[in-house]
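Undergrad: Each residue of the sequence shown is one higher than the one before, starting from 1 at the first, in the working numbering.
FYI, nobody ran anything at the bench for these hints, they're computed from the structure. Treat each hint with caution, since some may be false.
What the hints assert, rightly or not - Here are the computed lysine to aspartate or glutamate pairs in the DMTMM-like style, where the Cα-Cα straight-line distance is at most 25 Å:
| # | residue 1 | residue 2 |
| --- | --- | --- |
| 1 | Lys4 | Glu110 |
| 2 | Lys4 | Asp118 |
| 3 | Lys45 | Glu110 |
Claimed, not checked - Cβ-Cβ distance ranges computed for the label pairs, FRET-style:
| # | residue 1 | residue 2 | range |
| --- | --- | --- | --- |
| 4 | Leu11 | Ile131 | 15 to 23 Å |
| 5 | Ile3 | Gly52 | 16 to 24 Å |
| 6 | Gly124 | Asp25 | 21 to 29 Å |
| 7 | Tyr5 | Thr51 | 21 to 29 Å |
| 8 | Lys45 | Gly111 | 14 to 22 Å |
| 9 | Asn141 | Pro38 | 43 to 51 Å |
| 10 | Asp82 | Ile20 | 34 to 42 Å |
| 11 | Asp25 | Asp82 | 28 to 36 Å |
Virtual Cβ for every residue (Gly too), placed ideally from N, Cα, C.
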Amino acid sequence: MTIKYYEDYDLGDELGPLVIQASDDQVVEFCETWGNKPPNRFTSKEIATETGVGEPIVPGIMSMALVAELFNECGGSQNVMDIDVVFRASVPHNSPLYISGTITDTREEEGKYLLECDLLMTDGESKRYVIGTALISLPSNSNI
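Use the sequences and the hints to build the structure in full.
TA: Right, here's the structure in full:
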């Protein structure tokens, strides 16, 4: 992975899109690791229907982890300081998810070089699953 620096980004720069999907098996593995043993509304059509979501969905915390993958292209997800999201629709299994960001602020604060960005997860068309914001910290090339 190429290291990217704070100075590599400007206001309005676009990140992504990252195209990713959550398979049935990945959701099951995530739920088992998370301690929410299947079957549940995330893994079972029957339980999902009983709870009113219709189809098994990607857990919210897993959706946030998928969004954080976007930042691997700009220095690595270890630089994520904060992610705040709003779920606009249930995130489906086995469908392409398009994750993108737009840089909305750049600043130095308490010795950290910070980027704020708006986040968006869609189906690649008009359906918005997740919107939000993130704050990431990157190294500065002035420190090398």
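Undergrad: Work down the list of hints and note, for each, if the structure agrees.
TA: These are the hints, each one checked on the structure:
1. Under the criterion of a C-alpha separation no larger than 25 Å, the hint pairing Lys4 with Glu110 is consistent with the structure, at around 20 Å.
2. Note on Lys4 and Asp118: the hinted pairing holds, with a Cα-Cα distance of about 19 Å set against a maximum of 25 Å.
3. The straight-line distance between the Cα atoms of Lys45 and Glu110 is roughly 49 Å, outside the 25 Å bound, and the hint therefore fails.
4. Our hint of 15 to 23 Å for Leu11 and Ile131 holds, since their Cβ atoms are close to 19 Å apart.
5. Checked against the given bound of 16 to 24 Å, the beta carbons of Ile3 and Gly52, roughly 46 Å apart, lie outside it.
6. For Gly124 paired with Asp25, a C-beta distance near 22 Å keeps the hint of 21 to 29 Å intact.
7. Here the CB-CB span from Tyr5 to Thr51 is close to 46 Å, at odds with the stated 21 to 29 Å.
8. Remark: the range hint 14 to 22 Å for Lys45 to Gly111 is contradicted by a beta-carbon distance near 51 Å.
9. Between Asn141 and Pro38 the Cβ separation comes to about 46 Å, which falls inside the hinted range of 43 to 51 Å.
10. At roughly 21 Å, the beta carbons of Asp82 and Ile20 sit outside the given window of 34 to 42 Å.
11. Between Asp25 and Asp82 the beta carbon distance is about 30 Å. The supplied range of 28 to 36 Å therefore holds.
Hints 3, 5, 7, 8, 10 from the earlier list are contradicted by this structure; the remaining hints agree with it.
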